[in-house]
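Colleague: Now for the letters of each chain:
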Amino acid sequence: MNSGAELGADMTEASSASFGELDVKSFDDSIVRMFAAATLLWGLFAILVGLGVAHLLVIPKMFGGSEVYSFARLRPLHSSVALYAFLVNGMFAALYYSVQRLCGVRIWSAALAWLHFVAWQVVIGMAVYTLPRGLMQGRDHAELVQPIYLAMIFIWTVLFGLNYWMTLRRRRIQRLNVSLWFYSATIVTFPVLMAASNVVLPVSWVKSYPLLGGVQDIVLQWCYGQVSVYYLLLMPFLGLMYFFVPMVSGKPISSHRLAIVHFWALVILLLWSGSRNLHHTAIPEWLSTAGMLAGLMLWMPLWGGLLNGWRTLRGGEANFSNSTVYRFLACSLVFYAISTFEASLLSIKSVSAWTQYSDWTIAHLHNGMMGWNGMLAFGAFYWLAPRLFQKKLWSDRAVSVHFWFALIGVLLSVLPIYVSGMKQSNMWNSLDELGYLAHPDFIDSLNASRGMWWARILGGSFYLLGLVVMAGNFLLTWLLSSEPSGLASEDAERLAMLQSSNDLQDGAEIPCLLESAPVLDAARSFERTSALRWHQIWESSPGRFYVIPLLMILIVSIVQLVPVLFLQSSVPKIASVKPYTPLELMGREIYLQKGCYSCHTQVVRPLVAETMRYGDFSRAGEFVYDFPPFWGKRRIGPDLAREGGKQSSKWHWRHLDNPGLLVEGTLMPSYSDLLDSRIDFERIPSYVDSAKLLGVEYEGENEDLVQNAKDQAERIAAEIVSAGGSIQRGGVMTLESQAVALIAYLQRLGTDLNTPVATDDAQVAAAQ
Amino acid sequence: MSDNQSNLSGSEMNTSDASNDAGTDQGRVFRDDPLPNWWKLIFVVTIAFAPPYFFWFHNGAPGRTAAERYDAALAANLRLQFAEIGELSATRENVLKFLYEDSWLKVGRAVFKSNCVSCHGSEGGGLAGPNLCDDSYKNIKEIGDILKVLQNGAGGGAMPAWQGKLSPNELVLVSSYVASLRGSNPATAKPAEGQEIAAWPPKPVEQEKSAEANSQSDSSPDEG
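Protein chains in written order, with this note's numbering: chain A, -16 to 751; chain B, 8 to 231.
Just so you know, these hints were derived from the structure itself, not from any lab.
Be careful, since some hints might not be right.
Claimed, not checked - Cut-off 25 Å, straight-line C-alpha distance, at most; resulting in silico cross-link-like pairs (BS3-like, lysine-lysine): (1) K148(B) / K210(B); (2) K210(B) / K197(B); (3) K120(B) / K406(A); (4) K675(A) / K693(A); (5) K556(A) / K120(B); (6) K113(B) / K406(A); (7) K113(B) / K210(B); (8) K172(B) / K561(A).
Since we're looking at a predicted model, the values are computed, not measured.
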């Protein structure tokens, strides 16, 4: 015991002494500055695009119906840039700063860090280039084309991960601070999940198909893809919180053992929660139950970070009135409290039955990203700025202004869409006293949301303005401010505090309550175990923070995913479900490129109001030929899973041309370009070849397939023409227009389930 | 720093004595608040709840899965919708009968609103499909034809067939509702198409006849 205490004291001495000598020249902060600048620029861009997207819901013709600026193209752009360019760049900046301090060394390789910076921005540039051009995978959590994901994974593991690992290896402080646990777990987990969710078969640079279709791809996307995003928004930001909150408040983390418990609980539980967003869909129900239970178990581990953050933040020197950084951090924690509680709430099946596919999901997401991640990043940046510039901020008032703008911005962005989400859910799900839909017309739910959508635009504008103020303030600090900040000594003190609160964990001083009590040795050793002293050893070996998360991925994969991916029983076959025809395959491709899945879901849940509105609920076996399935996340238009046969082909024809003419108040833009452009029938065989590669059986030579497509197009065109449609338009015959291919696909949707299979049986019988 | 350390609350321990040879005034604070009891309690409860719930829910007992609960809810809703009329047969007589029963026309209206408005307009004035509110009809000579068009479709698929997508009850009630639209003249009505036809027959007066039309009704005492 004694020697342990001495060892602890020695180590503390060493570390505090080293901090005394360390000044800013000991670290490489240029990389922090670069990432911070990128964060601000991409942040402005992301919010601007978000505002554009929000406008399209209230003024659908805002950008003159241009395809590149359509909702379906800008929405994935907004979410990708907001996540990977704004928040993740911000995370990189703060992470490079804190890791060097917490390890007491410079970053291992400045060159690698620079490469990381440049490559990451290039990758985001690629996303910005591809998405508006319709180069998407059409998968809910993997919208970017595959090469971008591969590049991201490479950059993350090699340019970033390796540098981080080597810095850890060369650290001068033996024990890993809490922040570093969270960073390590993220750095190892995120790329693995991302890679796993991108198991796709590339057929060209920009086109790939998921190897597993239907429900299996959905499970892959949500249980790996969605969880990877969830991981990214939670774990590294908790790590940042554990660094910045004590640095701001000047107090050590309030409970080391709470940090231990909630960290490992998150590592173990987070990965199970992917299916909690798929309740009542066609996934196996046990998977849905498991997701719900994981979501409930996550509530306290998530709030563990909240408790520790809040108790550490409160009672220090900083408070709401004397520190704007404190305000940002405090608000961030409040939003964290709300959104994590909500995450657990929404994972309950009956709650999600109500909220799913409405604006509620969007509100929840923005609550988390703008409130928790955004406010935390702003707070961290305002704390960092005087340290990075080595001078006082140009204006402290501007910081305060930004705070209020950001707070009003989040509230006004989020609260109205909670309201509109509730309105939509209510209108979709309620039945009148006769047992019929209370609001049979889908459009009613959009009209009821419009006021709230206007309000959220105001919120987004405030948020944007706040960021402009921040960027301006930083720029002027850089150019004009000259007063030195003089924070180095305070920082060194606090870093020592942060580190020593870790070091002095060395057991000796913690009294063992049962030491002299008349109990068995076993009880004493249990008491020691539960006091978590064994964790001290763990904190000295970074490997465990890598290996255990990886092990968890393995366990979750074996228990949760392997059965779904490889057991036939998870996806019961339906005899009447047949592969898409060549023309329908092409229609699917158009559906993907136009981004129809941004507004239309394709899965009907077994809920009375829903089947009454859309038709019979979706079965897993119906999606086996969907590579990928377009289940979607949100209904801005009605579900299309049972669209086939609901409308005449002529109706679809006119509706694609000018939706407003047939549906008053619709938000759908015109896709008249589909009526004016020809099908490239030569490409039909390539679509069929891809389907064949994925294991779908097609018969016939290329010419037959093309002929098959032409025949089907002719049949549909005949329907349209005989119902009074025109034979040609602007030199393009109806029977060769792309719209016909899309209509072929739409008319097929959901019709196979009730197609009689008698003919097949008869054939089989005849063959025998 | 060391000044305010001594003021720090409860479970923090000032251990700078243990390393006073460091000779600095940097405080070494070890703070390790115990986990709050409510936190531990909720966490343990959520964990303890999970496995039993999982195995209880998936033990194969009937009525628990989403599909089974849906079947029950659907049956309950059907009872609510059609308790009084039971299962109708899709006949001309029933269409005529319910044309004069306002409360059931509301049900027909609900079916119409869910399925027909995208072509016929929310008031039936016609959009892609014809106006249903005037005296001219394209494929209808008399009231029973409404039902036939609904069942089988018309205009080479311009009007889809609804047989199989809607229940017989819904087919009858929405036919009655469509018949009731005649003469309503909404503001946005399309011009007349097709031929003008005779007015619908009057309400059938004989009680017996309506009982006959209602032959499959559960509530009909004759049927036992």
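Colleague: Taking the hints in turn, state whether each one holds.
Modeller: Here is how each hint holds up against the structure:
1. Taken as a hint, the K148(B) and K210(B) pair is honoured in the structure, with Cα atoms around 18 Å apart against an allowance of 25 Å.
2. About 28 Å separates the Cα atoms of K210(B) and K197(B), which puts this hinted pair outside 25 Å; it is violated.
3. Our distance criterion of 25 Å between C-alpha atoms is met by K120(B) and K406(A), whose separation comes to about 19 Å.
4. A threshold of 25 Å between alpha carbons decides the hint, and for K675(A) with K693(A) the separation of about 20 Å falls inside it, so the pair holds.
5. Of the supplied pair hints, the one linking K556(A) and K120(B) is violated, its CA atoms being roughly 35 Å apart against a limit of 25 Å.
6. For the suggested pair K113(B) and K406(A), the alpha carbons sit about 24 Å apart, so the restraint of at most 25 Å is met.
7. With a C-alpha separation of about 18 Å, the suggested pair K113(B) and K210(B) falls inside the 25 Å cut-off, and the hint holds.
8. Taking the CA atoms of K172(B) and K561(A), the gap is about 20 Å. The hint holds against a cut of 25 Å.
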